[in-house]
Amino acid sequence: MITTQVDRLGWLRGAIQDGSIHTVRASFADRLGHWRGKRVPADYFLTHADQELGFCDGMLVCDVRCDIIEETPYSNYGTGYPDFHVRFDLARLRPVGWITGEAYVFGDPYDHDGRPSPVSPRHVLRRVLDRLSTVGIRARVGLRLGGRFMRDPYHAALIPAGGLGPGDDEVGALSRIGAGLRASEIPVVVVATGPEAGAFRLTLANDEPMASAEAGVVAKAAAKEIARQSGVTASFMTLQRGAVAPSLLEPTVDLELTGSVQPTAMAIQRRLAEVRALLQPSVNAFKAGPPSAPIIRPFGRSLALSGVSASSEADPFTVIAAELAAFAVSIDSANEPAGSLADGQGLGAAAEQLARTTWVAEWLGPEFIANALPLLAREDRLLQSSVTDWEIDRYWGTA
Amino acid sequence: MNRSRWTDLVWVDLLGRPRVVRVPSEIASAEAGLEVSKHHVVGGYDNGAPPSGLVRLVPDASTERRVAWDPDRSIVMTDLKEEDGSPSPLCSRSTLRSVLEVAGQMGYDVFAAAELEFFLLTPETGEPIYRDIQQYSIIKGTELEPVLGAVRNSLRQMNIPVEASNPEYSGGQVEVNIEYGPALAAADRATLMRSLVRVLARKAGMGVTFMAKPWTDEAGNGMHVHQSLWREGRNAFSQNGSLSQLARHYAAGLLSRIREYALLGSPTPNAYHRRSDHTFAPTRVCWGTDNRTLAVRAITDHPNSTRLEQRDAAADCNVYLALAGQIAAGLEGVRDRREPPAQAIGDAYAREDLPELPRTFLSAYDLLDGSGAARAALGGETVSSYLGILGREREVQLRTASEWERARYLSSV
Numbered sequence: 000m001i002t003t004q005v006d007r008l009g010w011l012r013g014a015i016q017d018g019s020i021h022t023v024r025a026s027f028a029d030r031l032g033h034w035r036g037k038r039v040p041a042d043y044f045l046t047h048a049d050q051e052l053g054f055c056d057g058m059l060v061c062d063v064r065c066d067i068i069e070e071t072p073y074s075n076y077g078t079g080y081p082d083f084h085v086r087f088d089l090a091r092l093r094p095v096g097w098i099t100g101e102a103y104v105f106g107d108p109y110d111h112d113g114r115p116s117p118v119s120p121r122h123v124l125r126r127v128l129d130r131l132s133t134v135g136i137r138a139r140v141g142l143r144l145g146g147r148f149m150r151d152p153y154h155a156a157l158i159p160a161g162g163l164g165p166g167d168d169e170v171g172a173l174s175r176i177g178a179g180l181r182a183s184e185i186p187v188v189v190v191a192t193g194p195e196a197g198a199f200r201l202t203l204a205n206d207e208p209m210a211s212a213e214a215g216v217v218a219k220a221a222a223k224e225i226a227r228q229s230g231v232t233a234s235f236m237t238l239q240r241g242a243v244a245p246s247l248l249e250p251t252v253d254l255e256l257t258g259s260v261q262p263t264a265m266a267i268q269r270r271l272a273e274v275r276a277l278l279q280p281s282v283n284a285f286k287a288g289p290p291s292a293p294i295i296r297p298f299g300r301s302l303a304l305s306g307v308s309a310s311s312e313a314d315p316f317t318v319i320a321a322e323l324a325a326f327a328v329s330i331d332s333a334n335e336p337a338g339s340l341a342d343g344q345g346l347g348a349a350a351e352q353l354a355r356t357t358w359v360a361e362w363l364g365p366e367f368i369a370n371a372l373p374l375l376a377r378e379d380r381l382l383q384s385s386v387t388d389w390e391i392d393r394y395w396g397t398a
Numbered sequence: 000m001n002r003s004r005w006t007d008l009v010w011v012d013l014l015g016r017p018r019v020v021r022v023p024s025e026i027a028s029a030e031a032g033l034e035v036s037k038h039h040v041v042g043g044y045d046n047g048a049p050p051s052g053l054v055r056l057v058p059d060a061s062t063e064r065r066v067a068w069d070p071d072r073s074i075v076m077t078d079l080k081e082e083d084g085s086p087s088p089l090c091s092r093s094t095l096r097s098v099l100e101v102a103g104q105m106g107y108d109v110f111a112a113a114e115l116e117f118f119l120l121t122p123e124t125g126e127p128i129y130r131d132i133q134q135y136s137i138i139k140g141t142e143l144e145p146v147l148g149a150v151r152n153s154l155r156q157m158n159i160p161v162e163a164s165n166p167e168y169s170g171g172q173v174e175v176n177i178e179y180g181p182a183l184a185a186a187d188r189a190t191l192m193r194s195l196v197r198v199l200a201r202k203a204g205m206g207v208t209f210m211a212k213p214w215t216d217e218a219g220n221g222m223h224v225h226q227s228l229w230r231e232g233r234n235a236f237s238q239n240g241s242l243s244q245l246a247r248h249y250a251a252g253l254l255s256r257i258r259e260y261a262l263l264g265s266p267t268p269n270a271y272h273r274r275s276d277h278t279f280a281p282t283r284v285c286w287g288t289d290n291r292t293l294a295v296r297a298i299t300d301h302p303n304s305t306r307l308e309q310r311d312a313a314a315d316c317n318v319y320l321a322l323a324g325q326i327a328a329g330l331e332g333v334r335d336r337r338e339p340p341a342q343a344i345g346d347a348y349a350r351e352d353l354p355e356l357p358r359t360f361l362s363a364y365d366l367l368d369g370s371g372a373a374r375a376a377l378g379g380e381t382v383s384s385y386l387g388i389l390g391r392e393r394e395v396q397l398r399t400a401s402e403w404e405r406a407r408y409l410s411s412v
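The listed protein sequences correspond, in order, to chains B and D. Here the first sequence is numbered in numbering that gives the first Met the number 0, starting from 0 and rising by one per residue. Here the second sequence is numbered in numbering that gives the first Met the number 0, starting from 0 and rising by one per residue.
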């Protein structure tokens with residue numbers, strides 16, 4: 000496997016020469032794990048790979064519909080929406096396995112004054128990993144990611160209720176997702192269908208946390224782009240019309256510990272409840288219910304942590320960062336009695352809980368939280384001020 | 000490389016739209032050049048009274064490009080000459096060239112890039128091909144690759160060095176970035192790009208518009224002009240990691256003429272609908288560091304790429320005249336060692352103390368009409384001809400009852 004920056008650029012040079020690559024997706028992930036960037040001609044990228052690429056910094060703190068708001072202190076009309084600059088992680092340059100001719104690379108956003116952008120989930124995860132290493136904890140993370148193929152917002156597509164049987168043909172979309180991701184060197188180990196119509200699940204093997212988070216972003220994009228080729232939509236919205244089971248993002252974590260104190264599952268669950276607004280960042284995601292208690296399996300000085308469920312629409316970098324931080328904080332509070340779970344009535348209450356939770360700002364960064372809060376609260380307000388289909392169905396003509 | 004059989008000789012009319020005559024390549028290279036009627040050079044959005052006489056198309060051989068999708072055809076930019084061999088005042092390319100000669104006499108090369116936004120349309124409806132905002136979205140970009148991939152690859156084959164493309168901040172709106180280069184080449188590239196994008200979009204079953212403000216509630220299409228002065232191969236706008244004194248003089252020049260020259264970058268009544276608060280199109284005369292609410296934005300991230308970006312022009316302008324006006328203004332600031340006002344910080348839309356940019360076509364027209372500086376920098380006949388065709392636009396606008404007026408007043412008064 001190619002692992003160094005020099006090797007990767009050499010690979011790109013060869014791929015340009017043999018005509019197999021013409022474009023590089025020069026990219027970053029936003030706060031919701033959406034894959035953003037510019038498409039750059041590969042030969043131009045090769046000669047400018049050590050340079051930064053500028054983007055409007057509003058796109059690091061926009062909402063799910065790309066709306067920008069004045070309440071985010073990091074970026075608003077008062078700050079003038081300056082550029083942030085992405086420095087690319089060239090050692091992770093690789094092919095887009097499901098489309099011919101393209102490669103991709105992610106990078107780290109830096110402010111216009113050169114500091115790591117505190118609202119970039121990639122920096123947030125790195126911050127958490129750095130802090131974990133100082134207390135002797137190393138993590139490897141895998142992901143299970145659920146989604147749905149939809150013909151339109153009301154009807155599932157490709158996969159029948161009950162899932163696929165042996166030899167069933169779902170026009171090859173699932174196979175192409177699996178093959179495409181593996182061609183992008185993403186360690187997909189299972190591509191499966193769920194029991195409900197349209198439902199599918201991708202399982203990615205454990206890897207370095209940064210690589211896994213990036214793989215989660217790419218996996219969602221691959222599913223969406225390949226579904227589009229089949230004339231349908233792949234959606235990671237948590238609960239869809241008519242669905243019973245939510246689409247979840249479930250990290251599986253292996254932790255190497257140097258200390259002997261291990262937190263209880265209940266202690267971790269309590270911490271996760273405090274950051275629920277990051278794990279379930281939409282009003283729809285909240286309908287999936289609160290995060291469950293993790294399953295902890297010790298192996299000597301290591302332990303495996305699974306069963307924690309975020310919503311599929313959440314950003315993988317943020318989810319992994321929040322779960323690892325929750326674990327570390329729970330070590331210190333392992334002997335504390337388990338209190339009642341933060342039982343927010345909705346996203347707005349969860350955002351208020353997040354604002355009250357001091358450890359999360361310490362671990363993930365105060366600016367990250369300060370910019371997430373107004374977006375989360377606004378999402379809740381938007382729902383409160385919307386007349387929903389349910390209200391029309393229930394009250395129109397009878398009230 | 001074998002020569003192509005046919006050559007498109009290209010000039011732009013005063014509105015910046017490329018015009019073409021296609022000739023056998025051996026004729027295209029004839030020194031005497033072809034003659035065309037001035038009627039085709041002036042342009043205009045409708046048929047006004049055509050000027051009489053002829054101009055000669057003189058090919059600029061350094062601009063020859065083989066058409067990426069038709070190896071039998073080349074494109075060459077031309078300069079327009081009068082019968083006595085002098086540059087025609089109707090030739091926007093020559094106007095820009097003359098401003099660049101002034102820069103050369105002052106010891107500077109001018110580098111620029113014109114950054115253009117445009118909408119991809121569904122041809123049958125004329126509506127954007129999608130409605131939700133998807134700025135920088137990689138996944139949305141994948142859907143646009145039949146056009147944008149072809150644009151990047153074809154234009155690079157044609158020596159138009161595209162460096163990136165991405166969805167922009169409005170549904171269906173995109174941006175294609177071209178590397179900075181000598182200012183005349185930058186204007187050629189932007190002008191050709193506007194034209195070539197149309198062809199490639201049509202091949203992919205899509206339409207295109209560079210119209211400044213096609214929809215009231217959507218972002219407009221801007222042309223941001225990035226510019227810097229270079230001396231002896233070094234960027235003279237950069238000094239010790241920040242903006243040089245020379246760049247400050249240049250910024251002062253840009254700001255001092257930005258109101259008078261607004262019509263050069265925004266040549267339609269529609270373009271002034273783009274100028275509204277909190278839309279990322281500037282509305283106030285101001286400058287500062289890396290702030291998208293300002294009219295002139297200083298960008299200082301790297302010595303070689305330190306530059307000033309003037310953000311007020313519309314994507315449907317005459318690129319040559321817009322650049323000529325901006326560069327002439329900047330050079331004027333350098334020549335007179337002008338000092339710019341204090342840099343604006345924060346939300347410039349909220350700064351009611353700052354002078355406003357022209358908010359209507361009529362006010363911009365009157366400002367250019369009254370500008371002695373424009374006539375001195377760009378040529379009296381050039382400015383008069385430009386005002387002449389836009390004067391008709393002014394008349395038409397004044398006497399046109401719009402859909403908006405009918406919707407608002409018809410049944411209410």
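None of these hints come from the bench; they were simulated from the model. Keep in mind that a hint or two might mislead.
What the hints assert, rightly or not - Here are the in silico distance ranges between beta carbons for each label pair:
1) D/Thr121 <-> B/Gly135: 55 to 65 Å
2) D/Arg4 <-> B/Val189: 52 to 62 Å
3) B/Ala204 <-> D/Trp403: 53 to 63 Å
4) B/Gly299 <-> D/Gly240: 47 to 57 Å
5) B/Asp151 <-> D/Ser401: 46 to 56 Å
6) D/Thr121 <-> B/Gly171: 25 to 35 Å
7) D/Gly204 <-> B/Trp389: 31 to 41 Å
8) B/Gly161 <-> D/Gly345: 53 to 63 Å
9) B/Arg86 <-> D/Gly345: 23 to 33 Å
10) D/Leu397 <-> B/Leu382: 45 to 55 Å
11) B/Val189 <-> D/His301: 43 to 53 Å
Predicted model, so just to flag it, every value in this text is computed and none were measured. We put the CB at the ideal spot given by N, CA and C, even for glycine.
Against the structure, the hints:
no.: 1; hint: D/Thr121 <-> B/Gly135: 55 to 65 Å; in the structure: holds, 58 Å
no.: 2; hint: D/Arg4 <-> B/Val189: 52 to 62 Å; in the structure: holds, 58 Å
no.: 3; hint: B/Ala204 <-> D/Trp403: 53 to 63 Å; in the structure: holds, 59 Å
no.: 4; hint: B/Gly299 <-> D/Gly240: 47 to 57 Å; in the structure: holds, 53 Å
no.: 5; hint: B/Asp151 <-> D/Ser401: 46 to 56 Å; in the structure: violated, 37 Å
no.: 6; hint: D/Thr121 <-> B/Gly171: 25 to 35 Å; in the structure: holds, 29 Å
no.: 7; hint: D/Gly204 <-> B/Trp389: 31 to 41 Å; in the structure: holds, 39 Å
no.: 8; hint: B/Gly161 <-> D/Gly345: 53 to 63 Å; in the structure: holds, 59 Å
no.: 9; hint: B/Arg86 <-> D/Gly345: 23 to 33 Å; in the structure: holds, 27 Å
no.: 10; hint: D/Leu397 <-> B/Leu382: 45 to 55 Å; in the structure: holds, 48 Å
no.: 11; hint: B/Val189 <-> D/His301: 43 to 53 Å; in the structure: holds, 45 Å
Of the numbered hints listed earlier, the single one contradicted by the structure is hint 5.
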